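Novice: Make a model of the complete structure from these sequences and hints.
For the record, the sequence lines run as chains L and G. Numbering-wise, the first sequence is residues 804 to 1132 according to our numbering. Numbering-wise, the second sequence is residues 8 to 327 according to our numbering.
Rather than coming from a laboratory, the hints here were simulated on the basis of the structure. In this text the structure is predicted, and so the values were computed from the model without any measurement. C-beta atoms are modelled at their ideal positions from N, C-alpha and C, and glycine is treated no differently. Possibly wrong hints are sitting among the right ones.
[Claimed, not checked] Here are the simulated EDC-like cross-link-like pairs (lysine to aspartate or glutamate), alpha carbons at most 20 angstroms apart as the crow flies: (1) K272(G) / D1068(L); (2) K272(G) / D1022(L); (3) K180(G) / E160(G).
[Unchecked claim] Label-pair restraints from in silico Cβ distances: (4) S35(G) / K1106(L): 39 to 45 angstroms; (5) S110(G) / L869(L): 27 to 33 angstroms; (6) P150(G) / K1106(L): 20 to 26 angstroms; (7) P1102(L) / K138(G): 42 to 48 angstroms; (8) K1011(L) / P287(G): 52 to 58 angstroms; (9) V831(L) / S35(G): 44 to 50 angstroms; (10) V831(L) / S110(G): 28 to 34 angstroms; (11) P287(G) / R1048(L): 40 to 46 angstroms; (12) K304(G) / I1119(L): 57 to 63 angstroms; (13) N82(G) / K1006(L): 33 to 39 angstroms; (14) R882(L) / K272(G): 36 to 42 angstroms; (15) K814(L) / R24(G): 55 to 61 angstroms; (16) K1011(L) / S110(G): 41 to 47 angstroms.
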Amino acid sequence: MPAETLLLQAKDVKTWFSIGRGIVGKSVYVKAVDGVSVDVGKGESVAVVGESGSGKTTLGKTLLRLYKPISGEILYDSRRIDNLNEDQLKWYRREAQIIYQDPFGSLNPFFTVERILSEPLSIHNIAKHYSEMKEMVNQALADVKLEPPEMFASKHPHMLSGGQRQRVAIARAMILKPKLIVADEPVSMLDASVRVEIMDLLKGLQEKYKTSLIYITHDLATIKYFSQTLYIMYAGKIVESGPTREILKEPLHPYTQALVSAIPDPNPENRKRYRNVPAGEPPSAVSPPSGCRFHPRCPYLIKGKCEVEEPQLIEIKGSRRVACYLHTK
Amino acid sequence: MSVLLSLKGLTLYYRTRRGVVKAVDGVSFDLKEGSCLSLVGESGCGKSSMAYAIMRLLPRNTHTYCGELIFDGKNLMDLTENDLRRDFWLKKMAMVFQGAMNSLNPVLNIGEQLAEPFTIHLGLDKLEALKRAAELLELVRLPNSLLDKYPHELSGGMKQRVVIATALSLRPKFLILDEPTSALDVITQANIINLLKRLQEELNLTYIFITHDLGLSSELSDYIAVMYAGKVVELGDIVSILTAPKHPYTQKLLAATPKLLEDAKLEFIPGSPPDLAYPPPGCRFHPRCPYVMDVCKVREPEPVKVSSEHYVSCLLWERV
Ligand SMILES: Nc1ncnc2c1ncn2[C@@H]1O[C@H](COP(=O)(O)OP(=O)(O)OP(=O)(O)O)[C@@H](O)[C@H]1O
Ligand SMILES: Nc1ncnc2c1ncn2[C@@H]1O[C@H](COP(=O)(O)OP(=O)(O)OP(=O)(O)O)[C@@H](O)[C@H]1O
Ligand SMILES: [Mg+2]
Ligand SMILES: [Mg+2]
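Specialist: Below, the structure is given as structure tokens:
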């Protein structure tokens, strides 16, 4: 991607958490993100998909600099942000926002909707006076279709449905007109129909304001309606990336193949067959398997190779990349 | 196949400060032994309440509980709670509760949790009960080494398997699964569904599978019942429901379900389900229905048979 269309670029980023010392006195780390590179274009919607524990949330929070990576580079608008301290990050806090999975936990229950939405405005000294703030809050509520805004402004989160709460969370993230949003499983707690409604809304706003979006999910089924570009994450690594529809049509990595074949699809034939998915559990993030991290669950294991040397993420055709010896030598 | 469960006008209302909540409002259907029925519908339409009504596990604030509930040839309405405890719960019918995997007892290890039904209900001694616990782990394809582990040491998928094992401990032939996979990621979910299919074959189980995901319901079901605001609005064999749905609500639900091979835009259902303390008169779906007629606002539809195993409650399908 040419530099002028690129908003965020992460290069070989690692975020490890120290969890004390092991028996020989060496520090023990959870290698939640372990060498990830991601490009996000201006106005682009990118999805990160992977199993529970694969490091998606940690990656998202690292890109927002809610975590500091232990190594690698993060460039935002060609500026390094991976090494900045909290004071130096103040401008970035305004440009980049997060929407969390849990619409019940992420909103302060003691605040009214108006207070929840006006807080970012006062932190960043944006509104000059009350009526301007009020206007921005109302606009944000109208953007997420909580209308009439006056009616919702005075409510507390517990008086809202799950879908309405997630709208408030979106409004809060959007009110500063950020250039980048990380949406961490924003609809996974919601019903199928509400899910579609919220995704539609988020997509509409993202297009309207040309916001770049990093959409984190474990649900491949809905993602093709949403993001052009897909990153598949497994055990702290990206194992495949490329255009969403191409990956869904022809997944290359055996892990991606498993994810695609696990998608529940409304088809009467499903009744008669077993899903072809790897058994077992995702690996430990403290001591991941040697070589390819997927090798213990892989049906195509090449002995003497996959468990020995880690495959690199290599471009194979057009903009598709995969880290697997079946496709790269 | 014989009928294992037969409901006629099953009703469960709750008493609340806001008024009487009509969570299950006159539901009737038959379920054949060895088959699986999925109960689908949006959040709050009464799916879990229906499960409680079928199990006769009623909350304290129950206001009305009535109708006919024939299970295995007995009307459960005529029995006392003691009868149910002695002869039915866990022994003939069991339930995997919504969110149960997060309420495993944190201070008991897996062996102790799994052994409990055997000591309490069958009066087995500790050693014998532990042996049975180990067999249960094998049944749900978990390694023996989990016996002395605690819930926090298990992954979500493992915990859900333990919950399923507990429900199957006394070998019931009927199992209600209330959203057993909604907190799990897709691969773990697919593994649990595979397990449920194998268990159904091995043990000839009859299932009621509760989900809000029509895609997921197709994995296990022979029949799908679509619930809206306390009522079953459409019920049919899986092919009819997924390929020729008749109720506008079912059609809308299907249009909101992602499909792997189709590129049609997903649609959502405008509005939200009604407050069950004050459901709308007539057809409860009428305020959201794209085909609403004047009569829908006043007359409640009765189930109409559209083909041999397919019923719909919608005035568009009523013959005049
Ligand atoms: N603050 C932390 N301290 C220690 N370990 C952590 C921390 N946050 C995450 N981890 C660990 O890092 C790994 C990746 O976690 P992360 O939450 O990023 O995964 P995820 O892909 O978002 O999973 P999920 O789908 O369950 O949300 C896990 O093993 C997790 O236990
Ligand atoms: N014990 C109770 N007392 C009062 N109201 C209740 C009780 N249990 C459930 N309700 C209400 O009854 C209605 C149906 O709830 P129920 O939990 O059966 O729905 P559901 O379809 O299982 O929803 P979900 O998909 O969210 O699990 C809801 O309005 C709910 O708030
Ligand atoms: Mg996460
Ligand atoms: Mg429920």
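Novice: Does each hint hold? Answer for all of them.
Specialist: Comparing the hints with the structure gives:
no., hint, in the structure
1, K272(G) / D1068(L), "holds (15 angstroms)"
2, K272(G) / D1022(L), "holds (17 angstroms)"
3, K180(G) / E160(G), "violated (31 angstroms)"
4, S35(G) / K1106(L): 39 to 45 angstroms, "violated (59 angstroms)"
5, S110(G) / L869(L): 27 to 33 angstroms, "holds (31 angstroms)"
6, P150(G) / K1106(L): 20 to 26 angstroms, "holds (24 angstroms)"
7, P1102(L) / K138(G): 42 to 48 angstroms, "violated (35 angstroms)"
8, K1011(L) / P287(G): 52 to 58 angstroms, "violated (34 angstroms)"
9, V831(L) / S35(G): 44 to 50 angstroms, "violated (59 angstroms)"
10, V831(L) / S110(G): 28 to 34 angstroms, "holds (30 angstroms)"
11, P287(G) / R1048(L): 40 to 46 angstroms, "holds (41 angstroms)"
12, K304(G) / I1119(L): 57 to 63 angstroms, "holds (60 angstroms)"
13, N82(G) / K1006(L): 33 to 39 angstroms, "violated (52 angstroms)"
14, R882(L) / K272(G): 36 to 42 angstroms, "holds (38 angstroms)"
15, K814(L) / R24(G): 55 to 61 angstroms, "holds (57 angstroms)"
16, K1011(L) / S110(G): 41 to 47 angstroms, "holds (43 angstroms)"
The structure is inconsistent with the numbered hints 3, 4, 7, 8, 9, 13, although it conforms to all the rest.
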